[in-house]
Amino acid sequence: EPEVTQTPSHQVTQMGQEVILRCVPISNHLYFYWYRQILGQKVEFLVSFYNNEISEKSEIFDDQFSVERPDGSNFTLKIRSTKLEDSAMYFCASNKDRVSNQPQHFGDGTRLSIL
Amino acid sequence: SQQGEEDPQALSIQEGENATMNCSYKTSINNLQWYRQNSGRGLVHLILIRSNEREKHSGRLRVTLDTSKKSSSLLITASRAADTASYFCATPNSGGGADGLTFGKGTHLIIQP
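Heads up: the sequence lines are chains A and B, in that order. Adding 10 to a residue's 1-based position in the first sequence gives its number in our numbering. Adding 636 to a residue's 1-based position in the second sequence gives its number in our numbering.
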């Protein structure tokens, strides 16, 4: 079964540095998402992306964050000037189309540790 | 407002017993979804129930939805050690389509062998 893949599995970065998290969504999917999960807390929506633009974003997704689909397969989340509180698991997800009631498919996540 | 709040936060039962988890939400929805998360892994979709459905089954899973009470329950029958995981309910942010999801805090289920 097709999977969403994320790299790296673990990223350690110094505070203030930029980090790029990478995702390869399922190939025929058109909608892409980023979520984060701070240790011990619930999964939080960050942003959704369709047709090369942001469809929806949460209050968490401020100017520090950006997303991009640089080619036909990758979907990236960039965090500029990282802070300690950005330490979390970041999950990418994809959805096939705009038909309602479709489940999202999640990757295994990138654990981001800010030192 | 908090959307998709589960209870209990933690549940420990013996293998073979049934496990029931509940979820409440606040806004109107057109579907509610349940996901499982094994430790250190991503979320795996279990089941989706539409707002016009009251009950849905998938294998050992049974989900109910009461839109008048804005609540849902997930029942896992004949539990197995492999069912040990965290379970989350999730609702679309704006009601449906390809929206992002709002997750609850989850129920951590432990199945004792």
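If you're looking for bench data, these hints aren't it; they were derived computationally from the structure. Among the clues, some could well be false.
Stated by the list, open to error - No more than 25 angstroms apart at the CA atoms, straight line, and that leaves these computed lysine to any residue pairs for SDA-like:
| id | chain 1 | residue 1 | chain 2 | residue 2 |
| --- | --- | --- | --- | --- |
| 1 | B | Lys662 | A | Ser123 |
| 2 | A | Lys67 | B | Arg698 |
| 3 | A | Lys88 | A | Asn111 |
| 4 | A | Lys52 | B | Ser675 |
| 5 | A | Lys67 | B | Glu641 |
| 6 | A | Lys52 | B | Arg698 |
| 7 | A | Lys106 | A | Glu63 |
| 8 | A | Lys67 | A | Glu78 |
| 9 | B | Lys741 | A | Ser19 |
| 10 | B | Lys662 | A | Asn111 |
The model shown is predicted, which means the values in this text are computed figures rather than measured ones.
Hint check results:
1. About 33 angstroms separates the Cα atoms of B:Lys662 and A:Ser123, which puts this hinted pair outside 25 angstroms; it is violated.
2. With a CA separation close to 32 angstroms, the supplied pair A:Lys67 and B:Arg698 exceeds the 25 angstroms bound.
3. For the hint linking A:Lys88 to A:Asn111, the alpha-carbon distance of about 29 angstroms lies beyond 25 angstroms, and the restraint is violated.
4. With a C-alpha separation of about 13 angstroms, the suggested pairing of A:Lys52 with B:Ser675 holds against the 25 angstroms cut-off.
5. For the given pair, A:Lys67 sits about 21 angstroms from B:Glu641 by alpha-carbon distance, which is consistent with the 25 angstroms threshold.
6. Using a Cα cut-off of 25 angstroms, the hinted pair A:Lys52 and B:Arg698 holds, with the two alpha carbons roughly 23 angstroms apart.
7. The suggested pairing of A:Lys106 with A:Glu63 holds, with an alpha-carbon distance near 16 angstroms, which does not exceed 25 angstroms.
8. Proximity of A:Lys67 to A:Glu78 is assessed by CA-CA distance (about 14 angstroms); at most 25 angstroms being required, the pair is judged to hold.
9. Taking the CA atoms of B:Lys741 and A:Ser19, the gap is about 23 angstroms. The hint holds against a cut of 25 angstroms.
10. Between B:Lys662 and A:Asn111 the CA atoms are separated by roughly 19 angstroms; this keeps the pair inside 25 angstroms, and the hint holds.
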